[in-house]
Amino acid sequence: MSLAGFGGVLVFARRAIVEQHRWMTAEEFNETFALCHFLPGPNIVNLTMVFGSRFRGLAGGLAAFTGLLGPPTIIMTVLATLYARFGDVDALRRILAGVSCVAVGLLLSVVFRMMMPLFRKRDAVGLVFLLAVFVAIGVARLPLATVLLVAVPISLAVTIVMRRRAT
Amino acid sequence: MNGGGNPLLTLAATFGLMSLFAVGGANSAVPEMHRVAVDVHHWLTDKQFADVFAISQLSPGPNVLIVTLIGYAVAGLGGALVATLAMCLPTALLAYGVSRFLGRSSHARWPAIVQAALVPLSIGLMAASGLVLGLASDRTWVAAAVTIGAAVAASLTRLNPLWLLAAGGCLGFIGLIG
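Chains as they are written, first to last, in the numbering used here: chain A, 1 to 167; chain B, 1 to 178.
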């Protein structure tokens with residue numbers, strides 16, 4: 001499964017876990033995914049760990065973890081060796097320049113898609129936080145830890161206060 | 001290198017710590033990776049960082065494996081392994097612990113609040129990723145136009161991203177981009 005996931009494994013993981021093998025119901029899957037989404041770290045890796053541990057405890061989790069990361073890590077390492085060896089070759093350098101331009105474009109389109117719900121809900125507070133983090137990290141290049149240790153508590157507090165007021 | 005210390009330890013500490021702050025997934029941590037790998041430790045040049053990101057997007061598997069490439073550039077095979085494990089294992093164990101702690105009961109309320117609070121932050125982080133990587137890879141107007149074109153195409157169509165990446169590779173190969 002790990003090798004099927006070009007540009008992200010999630011879609012494939014869902015198909016296999018829920019639809020093919022029926023290891024989890026769709027609801028269990030969503031719940032587990034929501035849990036892994038707000039925990040830090042690579043979501044899909046966390047999801048795999050939790051998923052595996054549902055069957056065989058920690059050992060199952062570690063097995064799933066290794067299964068997910070093992071093969072792609074080997075491929076990556078091979079690519080890294082090739083890059084270290086041939087990274088200066090002109091044709092490859094040009095191809096990678098083109099690919100990286102597109103890769104950035106793809107990332108931007110994900111950002112746009114994720115921003116749309118905030119615009120639709122007129123979530124001004126959310127947009128302010130978004131902009132603040134963008135400027136702090138992208139423009140001022142502050143360390144991630146510093147920014148989050150400030151931003152996360154404030155954002156949490158504001159969210160809780162707003163929910164209280166809404167109910 | 002960081003004061004001549006063991007590069008493997010530096011890698012483990014750097015990515016182990018970073019993973020705990022990667023809210024919203026691997027792409028959120030890209031600016032931090034860039035800051036650490038390019039600005040602080042000079043492991044990679046700006047251009048190499050853009051290349052490494054491109055390779056990680058082109059390859060199968062979770063996008064987080066960009067750290068494998070950075071680790072390899074720093075300390076070869078060992079570096080690749082250490083960086084990958086440091087970035088993935090601590091948070092996976094944390095996820096395991098939390099899911100055990102919460103049990104299987106439905107616990108819909110507070111994850112929803114935490115998520116609502118974190119979503120704008122993680123989008124902001126990803127936007128910053130876009131900026132940092134854009135500055136690293138879009139050195140010419142043509143390159144910037146390709147990035148914008150790809151963003152528009154990916155937003156408006158359901159085209160498989162691999163086709164767009166391949167098209168970018170072709171444009172690069174015929175020498176249109178830097």
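Hints were generated in silico from the structure; no laboratory data involved.
Among the hints, erroneous ones may be present.
A partial selection of chain A residues facing chain B, derived with a Cβ cut-off under 10 Å [unchecked claim]:
#1 Ile-75
#2 Leu-96
#3 Gly-105
#4 Arg-113
#5 Val-147
#6 Leu-148
#7 Val-152
Just a sample of chain B residues kept apart from chain A, beta carbon distances all over 12 Å, derived [stated by the list, open to error]:
#8 Asn-6
#9 Pro-7
#10 Leu-9
#11 Ala-12
#12 His-42
#13 Thr-84
#14 Ile-113
Glycine is no exception: its CB is placed at the ideal position from the N, C-alpha and C atoms.
A quick look at each hint next to the structure:
no. : hint    : in the structure
1   : Ile-75  : holds, 6 Å
2   : Leu-96  : holds, 5 Å
3   : Gly-105 : holds, 3 Å
4   : Arg-113 : holds, 7 Å
5   : Val-147 : holds, 9 Å
6   : Leu-148 : holds, 5 Å
7   : Val-152 : holds, 7 Å
8   : Asn-6   : holds, 20 Å
9   : Pro-7   : holds, 15 Å
10  : Leu-9   : holds, 19 Å
11  : Ala-12  : holds, 15 Å
12  : His-42  : holds, 15 Å
13  : Thr-84  : violated, 5 Å
14  : Ile-113 : violated, 6 Å
When each numbered hint is compared with the structure, violations occur for hints 13, 14.
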